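2 protein chains.
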Amino acid sequence: MTTPILRRFRFTVAYDGTAYSGWQVQPRSPSVQQTLEETLAGITGHPVKIHGSGRTDQGVHACGQVAHTDLTTRLDATSLLRACNARLPADIRIRSAVLARSDFHARRSATRKEYRYFVWNDAVMPPERRLYAAHVPHPLDVSRMHEAARAFVGKHDFAAFTANPNREVESTVREIFAFTVTARGHAITFRVCGNGFLYKQVRSMVGFLLRVGAGAETPEAVSGLLDARSSRTARVPSAIPQGLFLWRVWYR
Amino acid sequence: MTTPILRRFRFTVAYDGTAYSGWQVQPRSPSVQQTLEETLAGITGHPVKIHGSGRTDQGVHACGQVAHTDLTTRLDATSLLRACNARLPADIRIRSAVLARSDFHARRSATRKEYRYFVWNDAVMPPERRLYAAHVPHPLDVSRMHEAARAFVGKHDFAAFTANPNREVESTVREIFAFTVTARGHAITFRVCGNGFLYKQVRSMVGFLLRVGAGAETPEAVSGLLDARSSRTARVPSAIPQGLFLWRVWYR
Chain V
404 MTTPILRRFR FTVAYDGTAY SGWQVQPRSP SVQQTLEETL AGITGHPVKI HGSGRTDQGV
464 HACGQVAHTD LTTRLDATSL LRACNARLPA DIRIRSAVLA RSDFHARRSA TRKEYRYFVW
524 NDAVMPPERR LYAAHVPHPL DVSRMHEAAR AFVGKHDFAA FTANPNREVE STVREIFAFT
584 VTARGHAITF RVCGNGFLYK QVRSMVGFLL RVGAGAETPE AVSGLLDARS SRTARVPSAI
644 PQGLFLWRVW YR
Chain X
404 MTTPILRRFR FTVAYDGTAY SGWQVQPRSP SVQQTLEETL AGITGHPVKI HGSGRTDQGV
464 HACGQVAHTD LTTRLDATSL LRACNARLPA DIRIRSAVLA RSDFHARRSA TRKEYRYFVW
524 NDAVMPPERR LYAAHVPHPL DVSRMHEAAR AFVGKHDFAA FTANPNREVE STVREIFAFT
584 VTARGHAITF RVCGNGFLYK QVRSMVGFLL RVGAGAETPE AVSGLLDARS SRTARVPSAI
644 PQGLFLWRVW YR
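One line per chain: the protein sequences are V and X, in this order. Going by our numbering, the letters in the first sequence line up with residues 404 to 655, in that order. Going by our numbering, the letters in the second sequence line up with residues 404 to 655, in that order.
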């Protein structure tokens with residue numbers, strides 16, 4: 404019988420954020436992180452800390468959140484995945500579990516992240532989508548939003564597109580590699596990929612793009628706001644959390 | 404000022420069945436019908452009865468349920484729709500409201516109904532789909548299920564594909580106009596259209612097709628079960644309600 408040794412595991416996690424306070428442990432409401440830690444503690448018999456690639460807010464979902472954790476267990480990664488999914492509530496699923504190098508870090512090793520934001524653009528919101536998309540009943544010009552999204556691509560100061568920038572301690576410069584807006588029937592999908600995102604950055608960018616789509620702002624206004632480097636104003640509202648999915652995290 | 408007169412309205416209703424006991428009023432838990440009746444009573448100021456095209460079970464959803472009701476109101480159909488959607492919970496939406504002839508009957512006037520059933524066929528169920536599709540982790544042969552589905556098309560005795568047939572009082576003969584099974588990525592969609600369906604008929608047919616897809620039954624077995632006209636057995640399980648949507652109802 405082998406002695407269990409401490410090993411680092413890397414998980415890809417999907418969750419429906421509806422019932423949680425978000426990814427991170429909060430004092431008075433359950434979080435995805437806490438639910439995973441308690442499940443893993445039940446399996447391994449020791450206290451567990453799990454580290455995500457980043458936080459997601461209350462109501463935000465994930466398709467491909469990545470997290471690492473150090474566990475002392477005899478289980479191989481596949482058995483661990485099965486044990487987790489058997490114990491976890493159905494709104495959190497481990498999609499993959501693999502052994503990781505001891506220097507792998509879900510947040511610090513990440514090189515690229517993709518978020519997707521879903522909008523339902525029709526008079527009436529289908530009930531089964533209400534927790535997984537934002538409802539916009541008025542007409543939206545998709546090509547205009549796509550044009551504006553392209554203006555975000557590149558290395559910019561996103562001070563105008565983050566809540567609580569806390570600019571003294573953290574740079575607000577980030578790089579966006581791709582940003583597209585596509586429609587299929589009434590469903591509009593925003594796909595944005597970058598080297599990292601500030602607090603509420605994706606929801607702020609989508610919030611502004613929805614104003615562009617409605618005709619309240621021009622696509623050209625994006626560059627002006629980026630260049631000004633001033634703090635976020637009422638011109639840049641946050642799109643609701645329900646439409647947002649952390650889609651994928653890339654590593655070297 | 405016009406005196407309000409009693410008029411018949413026809414509604415197309417979408418709902419997420421998760422939180423309800425089903426369409427029909429039940430003694431001890433809220434139903435979609437009851438929620439609509441109470442909302443309309445609040446708007447009109449008189450007690451309201453609403454008649455659906457048919458019942459849906461607990462957990463079953465609707466994209467295009469049709470219902471009629473007689474209301475005494477000064478509101479036109481569009482204003483009535485807006486007033487309803489403003490008061491209804493977000494998991495029930497009126498998609499359209501129109502005036503109907505006084506002899507229109509949501510159930511008796513229906514000539515054709517379409518149901519869709521959704522399956523997610525992959526090892527792990529995406530959390531946001533768990534209430535709107537059935538999870539089948541083992542491989543399914545889609546073309547084999549499609550072939551079996553075609554055997555249901557036509558006028559048959561569906562006694563073997565209904566729960567509680569109550570054959571003394573009601574015929575178990577129905578006609579199916581079309582039945583297809585298609586896949587797109589991990590999502591498998593069953594579309595079935597017929598002149599009417601027996602209690603749990605769609606879920607029984609899908610339950611059997613899933614056994615065909617898994618290799619436990621052959622496509623040829625469908626005809627044998629239809630011809631035998633015997634009651635439902637363990638060979639014909641009910642697929643879970645969460646995957647089922649009442650999609651559309653047709654009228655002359």
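Treat the hints loosely; a few may be bogus.
[To be verified] Footprint (simulated), chain X over chain V, 3 or more residues, beta carbon under 8 Å: (1) 414-426; (2) 466-476; (3) 525-531.
Just so you know, the hints here were simulated from the structure itself, not pulled from any lab data. Quantities reported herein were computed from a predicted structural model and do not represent experimental measurements. Note that beta-carbon positions come from the ideal geometry of N, C-alpha and C, so glycine has one too.
Okay, the hints, checked on the actual structure:
| no. | hint | result |
| --- | --- | --- |
| 1 | 414-426 | holds (count 3) |
| 2 | 466-476 | violated (count 1) |
| 3 | 525-531 | holds (count 5) |
Checked against the numbered hints above, the structure violates only hint 2.
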